[in-house]
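Chain E is fixed; fit chain Z onto it per the hints.
Those sequence lines, one after another, are chains E and Z.
Residue 1 is where the first sequence starts when you use my numbering, and the numbers rise one by one after that.
Residue 1 is where the second sequence starts when you use my numbering, and the numbers rise one by one after that.
No lab work stands behind these hints: they were computed from the structure.
You may find that some hints are simply not true.
To be verified - Reference excerpt, derived from the structure (chain E facing chain Z, CB under 10 Å, subset only):
| # | residue |
| --- | --- |
| 1 | Gly42 |
| 2 | Thr47 |
| 3 | Lys180 |
| 4 | Tyr185 |
| 5 | Gly198 |
| 6 | Lys295 |
Glycine included, each C-beta is placed from N, C-alpha and C at the ideal position.
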Amino acid sequence: MFSKIITGAVALSAVAMVAAVPAQAQSFPKKNITFLIAYGPGGGFDTITRKLAPFLKKHLGGKVNIVPKNLPGGRGKKAAAFLAKRKADGSHIMMFNMPGHAMPNIIGEEAGYDVRKMDWLGRVAQFRYIIVVSAKKSKYQTIQDVLKAKSQIKIPITGPGTTGYLASAILWNALGVKPKYITGYKSSSRYSLGVIRGDGDLTILAKGSFKKYVSSKKKKQAAFKDLKPILEITNGKSEFGVPTTGEMGQKDLAILGGDRIIGTTPGTPKAIKDRLAKAVWDSVNDPEFVAWGKKVGRPVAPLNSEDATKLVGTLYSYYIQYKDVLAASNKKTR
Amino acid sequence: MFDALLEGIVNLGSIHSLLLLAAGSCVGLLFGAIPGLGGTTAVALLIPLTFGMEPWQAIILMGGVMAATSTGGSVSAILLNTPGIAPNAATTFDGYPLAQQGKAGMAIGAAATASAMGGVIGVISLVAVIPIMKAIVLLFTPPEFFMLAIFGMCAIAVSSGDRLLQGLITAVIGLMVGFVGYYDVTSTVRFDFGIPLLEDGVKLVPALIGLFAISEMINLAVKGGSISQDSSDVEISGVSAGVKEVFKNWSTMLVGSGYGTFIGAVPGVGGTVAAFLSYSTQAQRDPTPEIEYGKGNIKGVIAPESANNAKDGGSLIPTLAFGIPGSAETAVFLGVLILHGIEPGQKLLEDHQDLVFTLVVALTVSAVFATLIVLALAKYMALLTRISVHMLIPTVTVVALVGAFALNTEIGDVVIAFIFAFIGYFMIRFNYPRVTFTIAIVLGSITELSFHQSMLIADDQMSIFFTRGLSLTLLALTILSLAFPTFRRKMKERKEAKLETEQ
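In isolation and in its complexed conformation, chain E is listed as follows (with noise of 0.2 Å):
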């Protein structure tokens, strides 16, 4: 008798367990759900996460806010080991910089998160590379002249171990070219000005970021009056009509790049997690939005939540392959 009793009681819990997950999925969300970025205000996050916000509103019923959060430090870590940390209920979303933010993961270092176990939700856009030279000052105008350059090649760039010197790395090591590399700068923005005045010879660039060089008045070459594109990292046609790694036979180089993905804590039950992940995919692809990106030059690229998953253990996979390169720039002097 008083086994059946506990059989029945558990019987009891486990169809009232199944049946509260649709119940926990229709009641989500109740509270104001933060949407962290990681770095500080201004900028590409910072903006993207703002944009994005009232879109996740709309689409997750609009009874309560998405509520933006900046959470700068440790160059983006401090966020994400903030979101590793949160109750796993989907009050905290992130948009994270890929493969940035998988590189302290990668190298072993202690960084309150694993990338590997986040819960994704999906991509909202990416971006991937160009090389663009002084227009002006450069003393190599092609792709052909750094190829057979006699003296070497000067690169303005973020330090070692960021994810533009990095794909900076990677490149130049499969075309067979040895630069010397002028770090410290503080921004993509910084380093294009350290090209354009001369402080180096050229540099990379994120097709996004390079299209704010280009006058709108002028039409091709005439537009670019200040920084000049001379390769781009593709397997496709060239935006700019300029030479592709496609084309050179380096068709590896195409993930090079960066990915912005929205993550949220591990462990978020199942029910959860999709209806995040479908007010992300609505968001992502809502017309306005779209028609936003594409007016101020980010295009939106959005990935479904499995295909967010896939991408970033491809990802993963590709970047511990640069391991001890990574490593070794990225060793502490204490």
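Positioned in the frame of chain E, the structure of chain Z alone reads:
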């Protein structure tokens, strides 16, 4: 260009626009005056409000905030010895001694007027240099940054006064503090002792809050009384005298505005350095002042305040020339433009000249508006210096600590503020200058970074510093500014000796 300027004026012409601007100015003043908050936070917090606005309306609101923050910050620098925002740090050197002498009204009057004049001159300079703005931004490369930082370091000698040894000791400690944390050239974290809080370095704002505000409160608690040592019951006045001082010392204001505009145009240097440079240049230009600098010379308030407001106009130069933010506020401002579907960069000036000039007009009007508010309230604000320590200390300490926390909602920053509070208190107690410490913290990292980058560019050839026109000019200016006061004093002594022998 004039059509666009006209459109900017028209945009600001309606009651609605003026209200927006006034709201922006008031928020800017408040966020500037409360230590730790600052313009970047204000602009970032207002972003959601702009979603329903037209782009030009958003620009008016943001322009209102940006032009008012350093004016607000000067009030707390003068009254409480706490820079509201980092660029007001140099204002404390002479502003607070004036408040202690019961001349807070005069100091606020001068600071507010210098701010307005600096703001207007900065904006006019911006419009004037639009045709050559690219050349200005490109003038400065790492060797020039290095020489500029060295030039700024001269301020250490000036601010030490007769305590040169103490000044140098605190400067060296300041440099060491400035080197803590992540270093961009090597991507390594140094001197952090494994403490995560120090990984990004010692943050300037919590450090300044501790070093100036809280240490001063500890000092007051020990001493008792009120900030103003002149306890007479005379009504606080002198605001208009402060306004007049600015026009009497117009060259100080012009030089300060020039520094602000020029340094604002160079991304990565900022208003704090502009204010320090302006201050030290002023002190060096005037080697035999009636009132010693650091002891309540009104010119020591005018110089940094005109510079840190002129910077707002200057920092738009790289923004318009290349789409690169010249300061943290302009970075957020660019974000606002993007949110409103406007792509910054070259196209901004080509396709949206009307918006650019709306901002220019908003910055100008807001600088004047903020000053008028401060001038109207200065008399009452100066009463703060008469409040008994029993009320002042708890209030200021709480506001300052909340400010330190609010910046990054980081409790560690409060700890930093406390540590620096005790360092600051012991520096007051044992007569070590806090100014030199601050200058070294601010300039240390720029000096190191630009030196390292120069060496990378020049393959370790030191000649890079001596073979470039501007770098060499800055070096000459450094030598001149160090030698000039001695030279002038010697000349004066010789003249006096000659007169004596003639008699």
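Tested hints:
1. The beta carbon of E/Gly42 comes within 3 Å of a beta carbon in chain Z, closer than 10 Å, and the hint placing it at the interface holds.
2. At its closest, the beta carbon of E/Thr47 sits 4 Å from a beta carbon of chain Z; the interface hint therefore holds under the 10 Å criterion.
3. Because the beta carbon of E/Lys180 sits about 7 Å from the nearest beta carbon in chain Z, less than 10 Å, this interface hint is met.
4. Using the Cβ-Cβ criterion of 10 Å, the hint placing E/Tyr185 at the interface with chain Z is satisfied: the shortest such distance is roughly 7 Å.
5. For E/Gly198, the shortest C-beta to C-beta distance to chain Z is roughly 7 Å, which falls under 10 Å, so the interface hint holds.
6. Because the closest C-beta pair between E/Lys295 and chain Z is about 5 Å apart, less than 10 Å, the hint holds.
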